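Peer 1: Produce the entire structure from the sequences given, and follow the hints as far as they go.
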Amino acid sequence: MTKKKSEGANEDQTIETKKKSVSAVKSQKEKPVVAKQSLSGSLNSDDFDSDVFDSEDDASQRETEGGGKDSSEDELELHGHEGSDDDDEGEQVDSENEGSEEREVAEESDSSEDEVAPRNTVGDVPLEWYKDEKHIGYDITGKKITKKEKQDKLDSFLANMDDSKNWRKIYDEYNDEEVELTKEESKLIRRMLKGEAPHADFDPYAPYVDWFKWDDAIHPLSSAPEPKRRFIPSKWEAKKVVKYVRAIRKGLIKFDKPEEEPNVYLLWGDDSASDQKSKHLTYIPPPKLKLPGHEESYNPSLEYIPTEEEKAAYELMYEEDRPKFIPKRFTSLRSIPAYENALKESFDRCLDLYLCPRVRKKRINIDPESLKPKLPSRKDLRPYPNSCYLEYKGHTGAVTSVSPDCSGQWIASGSADGSVRIWEVETGRCLKVWQFKEPVKCVAWNPLPDFPILAVAIGQDLVILNTELGTDEEQQKIEELLRLGTLPEQDEAVAAIVSWLPDETYGGIKIKHFKNISYVDWHPRGDYLSAVMSAGETRGVVIHQLSMHKTQRLPIKMRGLPVCTLFHPTHRGMFIIATKKNVRVFNLQKRELAIKKLETGLREISSMAIHPGGDNLIVGSKEGKMCWFDMDLSSKPYKTLKNHPKDITNVAFHRSYPLFASCSEDSTAYVFHGKVYSDLNENPLIVPLEILRGHSTSSDRGVLDCKFHPRQPWLFTAGADSVIKLYCH
Amino acid sequence: MNGEGEDASKVIHVKFLTKLDYPFKVPVTSVVIPSSVTRLGLSSIVNSLLTLEKPEPFDFLIDGELIRMSLEQFLNAKGISAERTLEIEYIRAVAPRKEEKPSLHDDWVSAVDGSFPRFVLTGCYDGLGRIWSSPGSCTHILEGHTGAISSIAFANSEGAEGVTVATASRDRTLRLFKVDPAESGDSTTRVGAYKILCGHKASVASVAAQKYGSKVCSGSWDCTINVWDTNESTSELSVPGKKRKGNNQAEEPQLEGEVETTLVGHTQCVSSVVWPEHDVIYSCSWDHSVRRWDVETGKDSLNLYSGKALNTVDVGGEGSALVAAGGSDPILRVWDPRKPGTSAPVFQFASHSSWISACKWHTSSWFHLLSASYDGKIMLWDLRTAWPLSIIETHKDKVLCADWWKGDSVVSGGADSNLRISSGISIS
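Residue numbers (UniProt numbering), protein chains in the order written: chain A, 1 to 729; chain P, 1 to 428.
Simulated from the structure, these hints should not be mistaken for lab results.
Small disclaimer: the values here were computed from a predicted structure and weren't measured.
Take these hints with a grain of salt, some might be off.
Claimed, not checked - In silico DMTMM-like links for lysine to aspartate or glutamate, alpha-carbon gap of 20 Å or less:
{"#": "1", "chain 1": "P", "residue 1": "LYS201", "chain 2": "A", "residue 2": "ASP450"}
{"#": "2", "chain 1": "P", "residue 1": "LYS201", "chain 2": "A", "residue 2": "GLU474"}
{"#": "3", "chain 1": "A", "residue 1": "LYS581", "chain 2": "A", "residue 2": "GLU599"}
{"#": "4", "chain 1": "P", "residue 1": "LYS201", "chain 2": "A", "residue 2": "GLU473"}
{"#": "5", "chain 1": "P", "residue 1": "LYS201", "chain 2": "A", "residue 2": "GLU479"}
{"#": "6", "chain 1": "A", "residue 1": "LYS432", "chain 2": "P", "residue 2": "ASP126"}
{"#": "7", "chain 1": "A", "residue 1": "LYS393", "chain 2": "P", "residue 2": "ASP300"}
{"#": "8", "chain 1": "A", "residue 1": "LYS393", "chain 2": "P", "residue 2": "ASP397"}
{"#": "9", "chain 1": "P", "residue 1": "LYS377", "chain 2": "A", "residue 2": "ASP163"}
{"#": "10", "chain 1": "A", "residue 1": "LYS144", "chain 2": "A", "residue 2": "ASP155"}
{"#": "11", "chain 1": "A", "residue 1": "LYS393", "chain 2": "P", "residue 2": "ASP375"}
{"#": "12", "chain 1": "P", "residue 1": "LYS201", "chain 2": "A", "residue 2": "GLU424"}
{"#": "13", "chain 1": "A", "residue 1": "LYS165", "chain 2": "A", "residue 2": "GLU184"}
{"#": "14", "chain 1": "A", "residue 1": "LYS393", "chain 2": "P", "residue 2": "ASP416"}
Peer 2: Right, here's the structure in full:
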């Protein structure tokens, strides 16, 4: 009882100690319980044996031993409570069993149940094993314990009748003996059956007495210092946490499992956006057909079936307007015409799908307009010649060459009819005519403003003509110049090809060459002029000096047939010769080989012109191509313009406006904007501006020459139709 | 005709007004006419109202604009309501009614001047100037130039005793001739220059005389304008003009005029000069500009940029202030220099098809001007409409020069070597 109290007070104690105490309590209580169980005939605990089967012979011994041992053992196990228990029991037993000694002995033996080994030593074996034996087991000395003779029912009944206390007797099968319960024991059993405390004087609701003095304790219950584990983080906990963290990281531990999406999809839906597309770069969704509607059913509703009138109307329609499919009714699917071949057809379709690879067409969508170079609008590049207002008529043959004078008031022209004419630009009035016997190949007006003379190439002759347009003083100078006095000594080589003669008919100078002259060009300072004889080969270019009446051969060895020549407009000694294939630049003063060779890549050069700045050159060819050379940049053309379907006959630069032009045998002249920037980093800007038509083709020749007006943005074109046209802005 | 008009869907009530006098005045009553009539229809209506013996063409103005399309179109274009009674003013149509006999020259007629009512002056490519008193009758021949005459002008008309004529030529000189109009007989008198003005370094393109003064100015291919004095001859040496018939100037001493002022500023050939006021010269040039020069200071006070090479310029119109110029394109442009802030032309007439060689304002009208072109046409213009009033197509080749004469005639010369006079132009 106190034991229980103490247990209640000391609940902190470990589970093991509790178990012990419980078993101890059990041992207290089990005696009567076992007795009762034996009544029902189902007992197999060790403790019980000792209780019930006390042998009378060693009872005293056991008693003495038991008393000594008992106390010692109880103290060990149950902290000294047992001792008092024993005392109590002993007293009770004493008081109860006063009547018979046997019982006393039995009681005494009972109290020392644990020490007394059971009479039978077979152990915990089923008793059936001994059912057919005469003995029930073996005692401690190894002697068989013989079974008692079984009382028959009558005997036991008679015994019951005889002895009023017989109901207390319980047969112990194990030990094969009868045990008689005492009054106290039966009372104990009865109480326990009721669920009460076994001892009658135990008060389960006794008031709690706090025996421990809490308040004025000077010393703590334990003076041990506070253990470190109270304030050191637990190593094991940390390890455990690390273990969990690693598991989480490895994904071994998952917290919120994502909900699984239901595995359903739109069977007929558009799968273009499906993830299949994103998985494969080259995935091409199969072409989607329009789903069949009701009218395509083999047995559509009546409203889908066209009436006879509608069918007749379809017949009247154009074939392309007729509906492709006319709904029809069939009684069954089998009666559809396609049914017979359905299998084969579907196989063919599958085969088609399989054999016909769907290939993604890699098509680049580029607006062709965006590929065009961004050129400024023509309107912004005005003025440029675009319309013809004036014509200069009078020649009877093709006009082969024109040349405006430097003021722009006059223009000279040479024609195949052998005439050289001077026209007034403003009115188109012919001012002067010189008639020669041979067709005029080329005319060139002296570039000096106070020196109005003309160089005319006629056959083998180069004739210098006095136009008589200057003032009186100028006329005097010109007449002096054109008077051939004593001619200076010429080199032999020169004399063989050139001879200076006075021209009787028109009072100028006639320079006779050994071959036909095709081209004449003045030096910008007006004293030198070069003549080109295409057939002259290496001697094909000569330079005449008018003031000295002298002729020089080119100091440079030349290759190829010369076509035309140019004096550089700014650099005095530079001389440009175009042969049929190439253009070479020479320095006459240094007498060196070509400074520069421009590779045109053209089949046959027909003409060239130089920008007044001197760095840019255009070359026209007989295949209709025109090349623009930036001579500082490269020996290759900067731009090649292929515009004319026929030969280019001449090209020209304007002296002040950013214009250049080409004229061709196709009776047209093209005008271009050609802006050269003073900034060397900027490339010239070339914009085609205008195609000038108007000339008619005569004997398969078109426009033979074109020249710009020196001051206005106007273009003169000389046509094979014997007309000179002036195109104005 | 009115009965026909009423059948038309639209009719307009009109009232004809005029400033003309008796024979051309119609009663001021409202008339109902169909809206589809054109100028011709209106003219015939007015003629039928007037009941003249000879039909007279009229031109019609609504709110100061000449009608050049059907009445309906015109009203729609101008946004004029056709419901009220329309007041139409009519004037006699500006068109030549008579073509005089052509006066044949030996060469192209390059210059003509009709500012003196009794004569017409012509310059020719053969280097001779001619004075015509009437079509076909040449009274004087002004000789001496060795090059084609490019321009001719009456320099000074000092009463009846004599007329001074200035000619400019391609031979880089100007010559001054004195002509006595009284001695015009049946035969043609040849006159030599009393004064040669040398100083230009290139062909002289144009000459103009100061009004009521004694100076002429000339524009030349050497990009300058020179101002010359015509008077010196009388003070120094009097050379009778009649003596030098058919002789050239080398035989007898002649005066050589010196340049009084040179106006420099143009960068190309000065193709035309006019001298409308006492000390203001207008000039146009192939450098695309029209300039106004102050003779006193020699500075240009105005510079109009046209974008095209200009051949001819004239000043006239309202307040004698409008500048008309034509050149290397078929558009005749009219500027108003008084308009501030803009140098855009106020009028552009673009009916020609080639270069414009001459343009002249009518001396008395504010609205009328003529233009001659290389397409062989002379057009009469009214500022109140963008269409030409009439087109004179008598020349067979380029028209090189044209001028008004006597206020109602147009004289013109061209590459067909003829001087043609179209008369009977009624400009009120």
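Peer 1: Next, verify each hint and record whether it holds.
Peer 2: Evaluated hints:
1. The straight-line distance between the Cα atoms of LYS201/P and ASP450/A is roughly 10 Å, inside the 20 Å bound, and the hint therefore holds.
2. For the given pair, LYS201/P sits about 11 Å from GLU474/A by alpha-carbon distance, which is consistent with the 20 Å threshold.
3. A distance of roughly 8 Å separates the Cα atoms of LYS581/A and GLU599/A; the hinted pair therefore holds under the 20 Å criterion.
4. For the hint linking LYS201/P to GLU473/A, the alpha-carbon distance of about 11 Å falls within 20 Å, and the restraint holds.
5. The hinted pair formed by LYS201/P and GLU479/A meets the criterion: a straight-line CA distance of about 19 Å does not exceed 20 Å.
6. A C-alpha spacing of about 13 Å is found between LYS432/A and ASP126/P, which places the hinted pair at or below 20 Å, so the restraint holds.
7. The suggested pairing of LYS393/A with ASP300/P is violated, with an alpha-carbon distance near 39 Å, which exceeds 20 Å.
8. Distance check on the hinted pair: LYS393/A and ASP397/P sit about 12 Å apart at the alpha-carbon level, within 20 Å; holds.
9. In summary, the hint linking LYS377/P to ASP163/A is not supported, as the alpha carbons are separated by about 178 Å, beyond the 20 Å threshold.
10. For the suggested pair LYS144/A and ASP155/A, the alpha carbons sit about 26 Å apart, so the restraint of at most 20 Å is broken.
11. Taken as a hint, the LYS393/A and ASP375/P pair is honoured in the structure, with Cα atoms around 15 Å apart against an allowance of 20 Å.
12. For the suggested pair LYS201/P and GLU424/A, the alpha carbons sit about 17 Å apart, so the restraint of at most 20 Å is met.
13. Using a Cα cut-off of 20 Å, the hinted pair LYS165/A and GLU184/A holds, with the two alpha carbons roughly 14 Å apart.
14. As the CA atoms of LYS393/A and ASP416/P are separated by approximately 14 Å, the hinted pair is consistent with the 20 Å bound.
When held up to the earlier numbered hints, the structure conflicts with 7, 9 and 10 and fits the remainder.
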